[in-house]
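Asks: Spelled out, the chains give:
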Amino acid sequence: MNTQFSIPKSGPGLYEFTDDVARWVARQETSEGLLTLFVRHTSASLVIQENADPEVQTDLQAFFHKLVPPTTDPSMAYLTHTYEGPDDMPAHIKAALLPTHVSIPVLDGALALGTWQGVYLFEHRNRPHQRSVVAMLR
Amino acid sequence: MNTQFSIPKSGPGLYEFTDDVARWVARQETSEGLLTLFVRHTSASLVIQENADPEVQTDLQAFFHKLVPPTTDPSMAYLTHTYEGPDDMPAHIKAALLPTHVSIPVLDGALALGTWQGVYLFEHRNRPHQRSVVAMLR
Amino acid sequence: MNTQFSIPKSGPGLYEFTDDVARWVARQETSEGLLTLFVRHTSASLVIQENADPEVQTDLQAFFHKLVPPTTDPSMAYLTHTYEGPDDMPAHIKAALLPTHVSIPVLDGALALGTWQGVYLFEHRNRPHQRSVVAMLR
Chain W
29 MNTQFSIPKS GPGLYEFTDD VARWVARQET SEGLLTLFVR HTSASLVIQE
79 NADPEVQTDL QAFFHKLVPP TTDPSMAYLT HTYEGPDDMP AHIKAALLPT
129 HVSIPVLDGA LALGTWQGVY LFEHRNRPHQ RSVVAMLR
Chain E
29 MNTQFSIPKS GPGLYEFTDD VARWVARQET SEGLLTLFVR HTSASLVIQE
79 NADPEVQTDL QAFFHKLVPP TTDPSMAYLT HTYEGPDDMP AHIKAALLPT
129 HVSIPVLDGA LALGTWQGVY LFEHRNRPHQ RSVVAMLR
Chain S
29 MNTQFSIPKS GPGLYEFTDD VARWVARQET SEGLLTLFVR HTSASLVIQE
79 NADPEVQTDL QAFFHKLVPP TTDPSMAYLT HTYEGPDDMP AHIKAALLPT
129 HVSIPVLDGA LALGTWQGVY LFEHRNRPHQ RSVVAMLR
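Chains as they are written, first to last, in my numbering: chain W, 29 to 166; chain E, 29 to 166; chain S, 29 to 166.
Just so you know, the hints here were simulated from the structure itself, not pulled from any lab data. Careful, some of the hints might be misleading.
Same chains, same names: a pair is fine if it fits in one copy or spans any two.
DMTMM-like cross-link-like pairs, simulated, lysine to aspartate or glutamate; straight-line CA separation at most 25 Å [as the list claims (entries may be wrong)]:
no. : residue 1 : residue 2
1   : Lys37     : Asp136
2   : Lys37     : Asp115
3   : Lys37     : Asp47
4   : Lys94     : Glu57
5   : Lys94     : Asp115
6   : Lys94     : Asp136
7   : Lys94     : Asp47
8   : Lys94     : Glu112
9   : Lys94     : Glu83
10  : Lys94     : Glu44
11  : Lys37     : Glu112
12  : Lys37     : Asp48
13  : Lys94     : Asp48
Here the structure is a predicted model, which is why all the values come from computation and not from measurement.
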């Protein structure tokens with residue numbers, strides 16, 4: 029079984045969509061299997077992170093912004109792929125550092141996530157994007 | 029087929045459990061498939077790393093400690109999620125930088141790991157934790 | 029179904045092998061499934077990255093070289109696993125930061141990659157290596 033999630037994003041940051049995924053998994057006939065989510069872009073990522081305190085998400089975004097600042101930052105002057113904007117190459121680097129796909133076991137028809145785990149799209153670009161995530165349950 | 033590994037940890041570092049996984053895989057009837065290990069926490073990771081020289085594991089731990097120091101370090105003063113201790117938010121950041129799950133092909137009833145590859149739980153928190161890892165073979 | 033790709037590398041950098049993978053997938057009878065690629069080494073990685081502008085690949089390599097310089101760099105003096113050469117422990121660290129495996133949904137008999145996504149082996153060692161990648165389609 030497979031489907032596609034289309035996630036409209038209004039700027040950089042983490043967007044949770046655990047409930048959308050859980051609802052789709054619950055509707056499938058498979059009670060045991062492996063769910064894989066795959067983002068079809070090279071400037072956004074998928075992460076499993078704490079879903080309790082929203083500060084975890086803003087802190088994560090702040091850390092990666094410091095580790096990989098925009099190419100307008102003098103420390104990034106060595107980068108050459110800059111014509112798509114100062115947030116473009118940093119977005120590709122973040123997309124290399126963070127997952128393109130996550131696989132989550134499904135047990136008893138539900139995602140086997142830990143209590144504090146949520147599924148997030150991590151958007152790295154500044155301007156709004158529609159992001160496409162393929163879901164497959166096997 | 030699925031199972032769960034419960035790994036008691038006494039502090040930060042890498043803990044190998046390749047043999048536990050290999051033994052479980054050997055007992056299953058599937059001779060070809062995909063094994064997925066998934067850690068149900070947001071402050072610990074799963075990594076596949078060199079299993080020959082223990083210095084590789086301590087060096088890895090040292091690198092990530094320098095890249096993401098405790099929030100008591102002045103360079104981390106921008107972080108806001110600090111009330112669970114100085115090692116908490118850095119643990120979440122490390123859990124974003126490192127894998128939550130690993131998938132390993134199983135061929136002829138055995139893990140298709142390279143000669144020098146071992147499977148490790150990478151614990152990021154200071155105080156002892158019991159960590160739960162779901163294993164699924166499809 | 030499974031196979032193995034053997035990729036000769038002449039030095040550090042990103043080597044695309046999307047076409048090899050796509051051709052093998054097209055020859056299989058499975059029209060829907062999950063393809064997993066797994067690199068059997070701890071000093072090379074697999075990444076899904078932009079395949080349009082080659083500068084993205086050289087910039088990625090430059091970023092990781094700055095983040096994890098050779099152990100001859102004074103900032104890396106704290107590392108202890110150095111007897112296999114100044115690029116050895118940094119290669120292990122990069123292999124922890126970057127994926128050991130990628131899983132890509134297969135739909136209608138083809139990889140469900142986005143328009144700009146390619147599959148790369150990211151070699152971290154200086155001297156030439158033959159790298160082995162296991163592919164499994166389930």
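Asks: Now, for every hint given, state plainly whether the structure supports it.
Replies: Hint check:
1. Lys37 x Asp136: neither (32 Å within a copy, 28 Å between copies)
2. Lys37 x Asp115: Result: close within a single copy only, 15 Å intra versus 31 Å inter.
3. Lys37 x Asp47: within (17 Å within a copy, 31 Å between copies)
4. Lys94 x Glu57: Neither way: Lys94 and Glu57 sit 44 Å apart in one copy and 47 Å across, limit 25 Å.
5. Lys94 x Asp115: both (13 Å within a copy, 19 Å between copies)
6. Lys94 x Asp136: For Lys94 and Asp136, the Cα distance exceeds 25 Å both inside one copy (41 Å) and across copies (41 Å).
7. Lys94 x Asp47: neither (30 Å within a copy, 36 Å between copies)
8. Lys94 x Glu112: This pair counts as both: shortest intra-copy Cα distance 20 Å, inter-copy 22 Å.
9. Lys94 x Glu83: both (16 Å within a copy, 22 Å between copies)
10. Lys94 x Glu44: Result: close within a single copy only, 22 Å intra versus 29 Å inter.
11. Lys37 x Glu112: Classified as within; 19 Å inside a copy, 30 Å across copies.
12. Lys37 x Asp48: within (15 Å within a copy, 34 Å between copies)
13. Lys94 x Asp48: neither (31 Å within a copy, 37 Å between copies)
When held up to the earlier numbered hints, the structure conflicts with 1, 4, 6, 7, 13 and fits the remainder.
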